[in-house]
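Work the whole structure out from these sequences, hints included.
Just so we're aligned: the sequence shown equals residues 1 to 251 in our numbering.
Since the hints were derived computationally from the structure, they do not count as laboratory data. Note that the structure is predicted; figures quoted are calculated from it, not measured. Check each hint, because a few of them may be wrong.
[Said to hold, decoys possible] FRET-style restraints, in silico, Cβ to Cβ:
#1 Gln177 x Gln90: 27 to 35 Å
#2 Thr150 x Phe117: 18 to 26 Å
#3 Asp151 x Glu187: 19 to 27 Å
#4 Leu15 x Ser216: 52 to 60 Å
#5 Tyr97 x Leu15: 46 to 54 Å
Using N, Cα and C, we set each Cβ at its ideal position, and we do this for glycine too.
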Amino acid sequence: MEFDKLIQNTELTELEKNVLKYIVLNIDNVMKMGVRGVAKANYTSTSTIMRLSKKLGYTGFVDMHYHLLPLVKRNGTHSEDSNDFLTKEQLDLLLKYISEKQINDFLDCLDEKNEKFKFIYATGFSSIAAEYINKKLLVLGKRCILASGTDSASIFENNLDSIGTMFVISKSGETGQVASKVKTAKENKIKVISFTGETDNTISRLADVSFKIQDSNKLDDRNVMPNIFFPNVLLLFEFLIYKAYRRLEGK
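Written out as structure tokens, the structure reads:
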């Protein structure tokens, strides 16, 4: 990529320029190295790395890597289609109940630059998927709060003013604890993104962005039988992150 375009309208010192060049040239390894590793490789301090990310308009090192990665890959040997990890048949099944508008609305929420938290909530088996989504958002530089049905309700209620978006997962879409928090979120003007089964349900009707995913055993409340719902929640979320990277590439 053209390095001058990357640093235009910034006031970087020579040291910061050299650090940025190092990050660009080692884009596939710097996340493993972390801030301390990059600083050590450039004979500087971690504060230099953080100052560089702020000057470029990012919230920190992880956020900087998240935004630089598609830019570097697009201009390198990266193939345009190398991130297309789903076949057409898989994608058609995954997006059977999902529109392009819903995807774009989700991406808009992900792109929001405010400092508010993303609150992730689920109970039972859904909490496993919620934990994955939480970790995925954290490595993308997003500020998150994760809670489940076993946590105190005050975790949510005491942070209402600090939450910008709420992510919820419920196979039935009727889980009482989840629906109650969604209603509270809506009353406090918090955006709600839901992942539920494909049938009409309370939570999806309340959500600002409702992703409906096929539930192959709708009456199996205990999740005893094989079901593609939970794996597809994670697959859909990975696809949404892929779309986020593609959006960045187009900017």
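Okay, the hints, checked on the actual structure:
1. A C-beta distance of roughly 32 Å is found between glutamine 177 and glutamine 90, which places it inside the suggested range of 27 to 35 Å.
2. Distance hint check: the CB atoms of threonine 150 and phenylalanine 117 are about 20 Å apart, consistent with the given range 18 to 26 Å.
3. Evaluation of the 19 to 27 Å hint for aspartate 151 and glutamate 187 yields a pass: the beta carbon distance comes to about 20 Å.
4. For the hinted restraint 52 to 60 Å between leucine 15 and serine 216, the CB-CB distance of approximately 56 Å keeps it satisfied.
5. Taking the beta carbon of each, tyrosine 97 and leucine 15 are about 52 Å apart, inside 46 to 54 Å as hinted.
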